[in-house]
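Student: Residue strings, one per chain:
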Amino acid sequence: MSFAKMTVSGLALAALSATAAVARDQVQVAGSSTVLPYASIVAEAFGENFDFPTPVVESGGSSAGLKRFCEGVGENTIDVANASRKIKDSEVKACADAGVTDIIEVRIGYDGIVFASQLNGPAYDAFEPADLYNALAAKVVKDGALVDNTYAQWADFNGDLPAEDIVAFIPGTKHGTREVFEEKVILAGCEATGALEAYKAENGGDEKAAEKSCMTLRTDGKSVDIDGDYTETLARIDSNPNGIGVFGLAFYENNTDKLKVATMSGVAASTESIASGEYPVSRPLFFYIKKAHIGVIPGLKEFAEFFVSDEIAGPDGPLAQYGLVSDPELADTQAVVSEEKTMGNNS
Amino acid sequence: MTDITNLPGNAAEPRKHGSLLEKDARTARRNAAEKRFQVYGMVAIGIGLLMLVILVVNIFSQGLGAFQQTFVTLEVQLDESKLDKNGNRNLEEIKKVSTFGYAPLIQQAFEAKVAADGIETALPGKAMADILSKSAAAQLRDFVIANPDEIGKTVEFRFLANSRVDGYLKGRVTRESIVNDKNVTAEQLDFVDALKEDGVLAKTFNMSFITGADASDQRPEDAGMGVSMLGSLFMMLVVLILSLPIGVAASIYLEEFAAKNWLTDIIEVNISNLAAVPSIVFGILGLAVFINYMHLPMSAPLVGGLVLTLMTLPTIIISTRASLKAVPPSIRDAALGVGASKMQAVFHHVLPLAAPGILTGTIIGLAQALGETAPLLLIGMVGFIASNAPDSIASGLLSPNSAMPAQIYEWAKRADPAFYERAWGGIIILLLFLITMNTVAVILRRRFERRW
Numbered sequence: 482m483s484f485a486k487m488t489v490s491g492l493a494l495a496a497l498s499a500t501a502a503v504a505r506d507q508v509q510v511a512g513s514s515t516v517l518p519y520a521s522i523v524a525e526a527f528g529e530n531f532d533f534p535t536p537v538v539e540s541g542g543s544s545a546g547l548k549r550f551c552e553g554v555g556e557n558t559i560d561v562a563n564a565s566r567k568i569k570d571s572e573v574k575a576c577a578d579a580g581v582t583d584i585i586e587v588r589i590g591y592d593g594i595v596f597a598s599q600l601n602g603p604a605y606d607a608f609e610p611a612d613l614y615n616a617l618a619a620k621v622v623k624d625g626a627l628v629d630n631t632y633a634q635w636a637d638f639n640g641d642l643p644a645e646d647i648v649a650f651i652p653g654t655k656h657g658t659r660e661v662f663e664e665k666v667i668l669a670g671c672e673a674t675g676a677l678e679a680y681k682a683e684n685g686g687d688e689k690a691a692e693k694s695c696m697t698l699r700t701d702g703k704s705v706d707i708d709g710d711y712t713e714t715l716a717r718i719d720s721n722p723n724g725i726g727v728f729g730l731a732f733y734e735n736n737t738d739k740l741k742v743a744t745m746s747g748v749a750a751s752t753e754s755i756a757s758g759e760y761p762v763s764r765p766l767f768f769y770i771k772k773a774h775i776g777v778i779p780g781l782k783e784f785a786e787f788f789v790s791d792e793i794a795g796p797d798g799p800l801a802q803y804g805l806v807s808d809p810e811l812a813d814t815q816a817v818v819s820e821e822k823t824m825g826n827n828s
Numbered sequence: 019m020t021d022i023t024n025l026p027g028n029a030a031e032p033r034k035h036g037s038l039l040e041k042d043a044r045t046a047r048r049n050a051a052e053k054r055f056q057v058y059g060m061v062a063i064g065i066g067l068l069m070l071v072i073l074v075v076n077i078f079s080q081g082l083g084a085f086q087q088t089f090v091t092l093e094v095q096l097d098e099s100k101l102d103k104n105g106n107r108n109l110e111e112i113k114k115v116s117t118f119g120y121a122p123l124i125q126q127a128f129e130a131k132v133a134a135d136g137i138e139t140a141l142p143g144k145a146m147a148d149i150l151s152k153s154a155a156a157q158l159r160d161f162v163i164a165n166p167d168e169i170g171k172t173v174e175f176r177f178l179a180n181s182r183v184d185g186y187l188k189g190r191v192t193r194e195s196i197v198n199d200k201n202v203t204a205e206q207l208d209f210v211d212a213l214k215e216d217g218v219l220a221k222t223f224n225m226s227f228i229t230g231a232d233a234s235d236q237r238p239e240d241a242g243m244g245v246s247m248l249g250s251l252f253m254m255l256v257v258l259i260l261s262l263p264i265g266v267a268a269s270i271y272l273e274e275f276a277a278k279n280w281l282t283d284i285i286e287v288n289i290s291n292l293a294a295v296p297s298i299v300f301g302i303l304g305l306a307v308f309i310n311y312m313h314l315p316m317s318a319p320l321v322g323g324l325v326l327t328l329m330t331l332p333t334i335i336i337s338t339r340a341s342l343k344a345v346p347p348s349i350r351d352a353a354l355g356v357g358a359s360k361m362q363a364v365f366h367h368v369l370p371l372a373a374p375g376i377l378t379g380t381i382i383g384l385a386q387a388l389g390e391t392a393p394l395l396l397i398g399m400v401g402f403i404a405s406n407a408p409d410s411i412a413s414g415l416l417s418p419n420s421a422m423p424a425q426i427y428e429w430a431k432r433a434d435p436a437f438y439e440r441a442w443g444g445i446i447i448l449l450l451f452l453i454t455m456n457t458v459a460v461i462l463r464r465r466f467e468r469r470w
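So the protein sequences, as listed, match chains A and B. Mapping to the working numbering: the first sequence position 271 is 752, numbers consecutive. Mapping to the working numbering: the second sequence position 305 is 323, numbers consecutive.
Treat each hint with caution, since some may be false.
[Claimed, not checked] Cross-link-like lysine-lysine pairs, in silico, DSBU-like; alpha carbons within 30 Å at most:
id, chain 1, residue 1, chain 2, residue 2
1, B, Lys113, A, Lys782
2, B, Lys221, A, Lys782
3, B, Lys53, B, Lys221
4, A, Lys623, A, Lys739
5, B, Lys113, A, Lys739
6, A, Lys665, B, Lys431
Hints are computed from structural coordinates only; laboratory data are not their basis. Treat the numbers as computed from the prediction; the structure is a model and nothing was measured.
Extracted from the complex, chain A is given alone in its bound form:
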């Protein structure tokens, strides 16, 4: 029947064109949703200024992106992984196992993590890492002993904070932001309140185990993990007058009509206070390039060089305008990219 013939030939055509199309001509990027806006700004400008097609940028979180990055070498794997944290040793090993041995690490700049609440809600302007630890950790120090966290209001442990119920919306574990939050805020608070020492005493001086226990957060609903993006956190804050959420600086700057930023250790977050190092909670942003794909995927190296060029990532570039704190050592990063220095050779 001509009907059946048509179906068969249609299928054959589809299969044929698919094999012919394996040669990919645009750069594929995936990873951190914090880096996504920056990467898409660069991708757009790259498409405008070069003859290469606009790169494709997907999100999904740093860990998810690096996992895809480490799937192997070849045109059906991504070329660049964005990450809001440094690649872990375990991930480097997973990469090597899959044949991804030469990885170029590129630091694009710094991003601040801010704590923000509803514009018309109570003012949280006396935060210290210790306060957030007391509010969110599973166990806190009371009268010199570690006890389960029963604090219900901010004022319970710090008289300078408002007498409001504790509700915090923090990024879920698949986000790179979570790790920075744990390290720079919770761990610092753990140390400041003396809980770290208490944990250490409890398990016989094992520092690593004590740090791990520090990062266990309470599970009674006062600390809420948000697995989605910042827009989800924003929606939760919107419906929760005394809620406090964790955001990237750039997200906050685009929503100043709804959010009010809390100070940390007396410093308000801004690109200036992060660049000067005054504001404590910031983290570097990275992207990782598969060296084996340079020369195979057209435009990959040009894209990476364009990304870290002064016009883009410099202090007056569009990324800084959007909220990235530009890296004072940008020239070194440019050298890493142009010389294709892989990890392990550029430390």
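We have chain A already, so just place chain B on it with the hints.
Tutor: Frame of chain A, contents of chain B only:
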């Protein structure tokens, strides 16, 4: 037995019930129960309608703004010393000037306009140019590369205003809400008011929202649905080409030819089960089979179409079988009776009569696939993707693209509130497509359906 003895006709006993014209308590109760049930039904319908009205009003009030955009009309002098230093109109040399090199031209154009029209402002040129979209420089550059002969002349351009200014004209951004905003100042809004007075700046219908491509986080004003619409179109093409023949062939065989035994029973049950499988499962399957095993390109509408085909097949098979069943056996018997083979009976008589039902099922299956996002997440069709318009059918199928619902999802999670408006606008477009498809299905059914 007791019923019979209680019949009112039985003269030995007095009639238990009074006249039919008089309501006794039991009848009143029954009538009341019926009334109550009707009220419940009306309340249920009322709630449904109310929800629909709220939804529609909400969608349109939030989304209609996306179809209008603020434009600034400016005359830009394409300065030869900046764009083509050697003056030889060599395209390669002209291309070396990046979009950053075009920014000063726009500032000059603003300064010239302010001087010519006598608009009073204390803003420096850069702050004036900042009320434009970041796409303005790219628009200039594209124009110059396409028309290198225009270098040195003065050309009128229509630039997009940036999302804050656009929001100010739409009432989303107010002078109170920008107090902490670093992207726009009150002086710039004064300048915008002055430009509006002067007629330079105006809000008009925005065609590029319907035809354009996605834009990065910094320029929501430039983002459009067009390319993702093409992505959806190519996916639907794949779904139609694959699922209609496969689905119809499978159902004809199962319904007309296959022996009824345990094997066909198992197949039947599994087709019904397949229709109930969550779509995300098909996404994972697509990732494992089409991308990781068959090495088809990531983010390609071809792969999206294949995944959605798996999802649509059960719908088509079930509706096709139902419409084949609805054709009375007398038609088959008559055909066989005059000497047709079984295949001739099916293809010449049964299939044409079942066609309207099959078409309706297919259109509804396609409409379902058109609105599906979950499986696309896993095969890489969500992200900053829909930025290259495909230039041929092959590239439409194979080069990365997004789809309408995926684009809406992507916009809804971006930081700038202007994207939120566009997400609602995208929903309006998607709904229009779905309503059109369902209307066509209803019309086809009305027009061709035969009842026996």
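Student: Could you run down the list of hints and mark each one as holding or not?
Tutor: Structure-based check of all given hints:
Of the pairs offered as hints, the one joining Lys113 of chain B and Lys782 of chain A holds, with about 19 Å between alpha carbons and a cut-off of 30 Å not exceeded. With a CA separation close to 41 Å, the supplied pair Lys221 of chain B and Lys782 of chain A exceeds the 30 Å bound. At most 30 Å may separate the alpha-carbon atoms for a hinted pair to count; Lys53 of chain B and Lys221 of chain B exceed this at roughly 54 Å. The suggested pairing of Lys623 of chain A with Lys739 of chain A is violated, with an alpha-carbon distance near 36 Å, which exceeds 30 Å.
Of the supplied pair hints, the one linking Lys113 of chain B and Lys739 of chain A is violated, its CA atoms being roughly 42 Å apart against a limit of 30 Å. The suggested pairing of Lys665 of chain A with Lys431 of chain B holds, with an alpha-carbon distance near 26 Å, which does not exceed 30 Å.
Comparing the model with each numbered hint stated earlier shows that hints 2, 3, 4, 5 do not hold.
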